[in-house]
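Asker: Read off the chains here:
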Amino acid sequence: MINRRTFVKNIGLSSILLTTGAFPLLAREDDVDILKLTILHTNDVHSRIEPFPMDGSKNQGLGGVAKRATLISQIREQEKHVLLLDAGDIFQGTPYFNFFGGELEIKLMSQLGYDAGTIGNHDFDAGVDGLAKQLVHANFPLIVSNYDFSENEMHNKTIPYKIFKKGNIKIGVTGVGIEMAGLVPTALYNKTVYNDPIANAQKWATWLKQDQKCDYVICLSHLGYKYNDSKLSDQVLAANTRDIDLIIGGHTHTFLNKPDRAVNLDGKPVLINQVGWAGIVLGRIDVLFERNSKDTCITCQNLLVS
Amino acid sequence: MRTKLLFFGFLFLFLGCAKQNHLADVKTRTYRIEKASYPVDVKIAQLIEPYKVELEKTMNEVIGVNEEEMIKGKPNSSLTNWFTDALLTESQKLITDTLDFAIQNYGGIRLNSFAAGEITIGKVYELMPFDNVMFIMELKGSVVKQLFDRIAKSGGWPISHTVSFKIAFGEATDIMIWNKPIDMEKTYHVAIPDYIALGGDNMEFMKDCTGKDTQALVRDLLIQFIRYETSQGRHIVSNPKPRITEI
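Same order as they appear, the protein sequences are chains A and B. According to the numbering used here, the first sequence holds residues 2 to 307 in order. According to the numbering used here, the second sequence holds residues 109 to 355 in order.
Please keep in mind that the hints were generated in silico from the structure rather than gathered at the bench. Ideal placement from N, C-alpha and C gives every residue a C-beta, glycine not left out.
Partner residues aside, some chain A positions facing chain B, computed with beta carbon under 8 Å: (1) Gly62; (2) Leu63; (3) Gln93; (4) Tyr97; (5) Phe101; (6) Lys108; (7) Ile170; (8) Asn258; (9) Pro260; (10) Gly280; (11) Leu283; (12) Gly284; (13) Leu289; (14) Arg292; (15) Cys298; (16) Thr300.
For reference, chain A alone in the conformation it holds in the complex:
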């Protein structure tokens, strides 16, 4: 005995089943590929080559490049598409820097397979000539778009962006550095011209996303996570630009357990992340891309729920 009410309910249910049930079929027909991009990142490692000494201090025993290397190798064995990035302040903080001028830091980053880094204020601590000298040991680029080095030794030693191809995915990376005045002695940054980070990040992000059709745009930043006043930070950068998907930040030594979600000029989400300092924490962001022949994404909503 089916009354009208149950009948309507059944229709409704079956139509829901039909629509949702159709998706996997479509998916199979369309040969949907899911590609996972794994972004690993550090910031403000500050010459912390070895773990903090066991001296009763707060961070004793934490960090250490040789352990981070093992962790990164393990992840690379599990994941096909890995990007390893650093947001600056590679230098300064242990006698390794005072003694060897950053040579070991750069050699280790090369050995660990860093794909790119940006420049922090402390990376000027041996002068622009000191930084330029160590870059012969680097097999990865320093990406920064708002420093003009045309008048000093760093001329032509940085790039404003780089495009990485992972499977069928194009990832555009640009970078921004903090204002040196008042933070770095003038003799050390020697005629480096600081330009507006927002304008420069915007210029390259739009070029990467719109002209070069990058699927994902990352901005390495040493501006700092956020400030109490209106000082330019990653939050300000995120809110006042478009075409950036992720900001990997540094400078303020902020330990974020998970990325902050900001909203850009187009109302689209921008992730901001930072993992403290000294290599105590390695950050990981897995970005999943669905590749299909449709304008719409089949798995997106489902995945977002999980």
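Got chain A; can you put chain B on it based on the hints?
Answerer: Here is chain B on its own, set in the frame of chain A:
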């Protein structure tokens, strides 16, 4: 008409086949590198090793002998007295004008106890790990008073033997510099680490003062001082003359 249809047909086919990437999801996590978290990567450890050996060789170099243990404290202490007297002596060598005093921010001295016995370079790094640079500032007497008031409010800072003052109700009084009462109109030459000279530690008023960057590291000045004393056959001793007294 037929060609037009064909054209749209091909266009449809083409668009239908072009694959697009959609940002489907983002998942994040962090890895904390604890003491017993991950084994050491041997290749990386081997790359570090020669630098470590070289570093330890330098850090273990004995450059002098400390006569007796020095302790850090306020308003004066054996360690803060020695520290600033050493900075005064070495900073004086960098300029022709007579220095009036040297100061160091209390938090910048990173050891609470400077042990008696042999002093290694590594020990000086522990004492002063920061790469602070010494500035020589030209301060009017009135600004010196402002500086000392600020020091008085925080219970006293490391200051050289050329100064004495009293802390009365959070203010500096009876200020003497080179055994003379402070002259509010006179210009004093003062050795101050860049951190404070550039307005750090709530010393914003310092930003407006004229000064010169000596580009000499505070730590290197201490090392030079210890080496010089050793070359003269002397141990390191602290001058107990009180500088700041609380009333």
